[in-house]
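Trainee: Assemble chain B onto chain A, guided by the hints.
In order, the protein sequence lines correspond to chains A and B.
When the letters of the first sequence are read in order and numbered with the numbering used here, they come out as residues 1 to 122.
When the letters of the second sequence are read in order and numbered with the numbering used here, they come out as residues 1 to 145.
Since the hints were made in silico from the structure, they are not lab data.
Accuracy of the hints is not assured; some may be wrong.
[Said to hold, decoys possible] Straight-line alpha carbon distances no greater than 30 Å define the calculated DSS-like cross-link-like pairs of lysine-lysine that follow:
1. B:Lys2 to B:Lys128
2. B:Lys142 to A:Lys89
3. B:Lys142 to A:Lys90
[To be verified] Chain A residues, not near chain B, derived (Cβ > 10 Å throughout):
4. Ser28
5. Ala38
6. Ala42
7. Pro44
8. Met66
9. Gly77
10. Asp102
[Claimed, not checked] Derived list of chain A stretches under chain B, where covered just means 3 residues or more per stretch with a C-beta under 8 Å from a C-beta of chain B:
11. 12-25
12. 46-53
13. 86-100
All of these numbers come straight from a predicted model, not from anything done at the bench.
We treat Cβ as the ideally placed atom computed from N, Cα and C, and that holds for glycine.
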Amino acid sequence: MNAVPVAIDYLDETVYASLSGEIDHHTSRMLRAKIDDAVSRAVPQRLVMDFAHVTFMDSSGIGLIMGRYQQISVYGGRLSLSGLNTQQKKVMRLAGLDKLVDFETTGGEAHEGNPQQNEAGV
Amino acid sequence: MKEIRNRMKLEFESRSCNESFARTAVAAFAAQLDPTYEEVSDIRTAVSEAVTNCIVHAYRERVETVYITAEIRGERELVVRIRDKGCGIADIEQAMQPLFTTAPGEERAGLGFAVMQSLCDRVRVRSKPDAGTTVTLIKTLKLRQ
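For reference, chain A alone in the conformation it holds in the complex (with noise of 0.2 Å):
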């Protein structure tokens, strides 16, 4: 089948998870399995979720983005989310995810820096 539309970096105690395509219900079971697995593996302290090149989203986004910050909780990590378009953060704060996460400003960062591993899975 399809291809996880996930990149997975990992660099000083953070994981980032680049998201591109679209997210659905269908993609997000896929994309739940491949940031889990790179969380558990890492345990790190901060997890980054990267929504540049992400072209589409319902509310099965929202569902990943609560389960992610459920799970680096466990570890005691903190979620970020960067690169959100405006149509992305109005859907996130009606769901109260602003009081939850960290929204960052820009987004691209998990193309920063040299990554230590990269698993694209696209």
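Mentor: Structure of chain B alone, referenced to chain A:
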């Protein structure tokens, strides 16, 4: 009742890989109204929420059939009906409450109906336990300058 100027019907298996097909097909039908980018995004998202409800909640991931009809009424009104023959909803008011979900293990946010309502002018839900549910999305598109 406004005059129906165009109509299409669609039916497909309730497989999650068809969620993208369904929202894209309805958006393609709506394209003849020359919608804005934001309106296309609203239509795609609302249809995706309704179809996901059929797959996740109505059919509980069993492969059955989802039925969609879309109509253009009057000059600018788009009416989309998404129907299933699944388990139905016993308490529609409760189901439409934000954060309510019958599939917590699936990481559902419980925001499907709230998103549909925020993106459409009207959302109607008709349902009967063990018979199925019909969700009607109504959106009047803006006149382009």
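Trainee: Take a quick look at whether Lys142 (chain B) and Lys89 (chain A) sit within 30 Å of each other, Cα to Cα.
Mentor: Holds. Lys142 (chain B) to Lys89 (chain A) sits at ~23 Å (cutoff 30 Å).
Trainee: How about the segment 86-100 of chain A: do at least three of its residues have a C-beta closer than 8 Å to a C-beta of chain B?
Mentor: holds (count 4)
Trainee: Quick check for students: does the CB of Met66 (chain A) sit more than 10 Å from each CB in chain B?
Mentor: Violated: least Cβ distance 6 Å, not greater than 10 Å.
Trainee: Minimum C-beta separation from Ala42 (chain A) to chain B exceeding 10 Å: can you confirm that?
Mentor: 21 Å, holds
Trainee: Just double-check Pro44 (chain A) for me: nearest Cβ-Cβ distance to chain B has to come out over 10 Å.
Mentor: Holds: least Cβ distance 20 Å, greater than 10 Å.
Trainee: With 10 Å as the threshold, tell me whether Ser28 (chain A) passes as away from chain B on beta-carbon distances.
Mentor: 8 Å, violated
Trainee: Beyond 10 Å from every chain B Cβ: check whether that's true for Ala38 (chain A).
Mentor: 17 Å, holds
Trainee: Are all beta-carbon distances from Asp102 (chain A) to chain B longer than 10 Å?
Mentor: 19 Å, holds
Trainee: Between the alpha carbons of Lys2 (chain B) and Lys128 (chain B), is the straight-line distance 30 Å or under?
Mentor: 28 Å, holds
Trainee: Quick one: see if chain B covers the segment 46-53 of chain A, three-plus residues with Cβ-Cβ under 8 Å.
Mentor: Since three or more residues must qualify, the claim that chain B covers the segment 46-53 of chain A is violated, with 0 doing so at under 8 Å.
Trainee: Is the hinted pair Lys142 (chain B) and Lys90 (chain A) satisfied, with a Cα-Cα distance of at most 30 Å?
Mentor: 21 Å, holds
Trainee: Quick one: see if chain B covers the segment 12-25 of chain A, three-plus residues with Cβ-Cβ under 8 Å.
Mentor: holds (count 3)
Checked against the numbered hints given earlier, the structure breaks hints 4, 8, 12 and satisfies all the rest.
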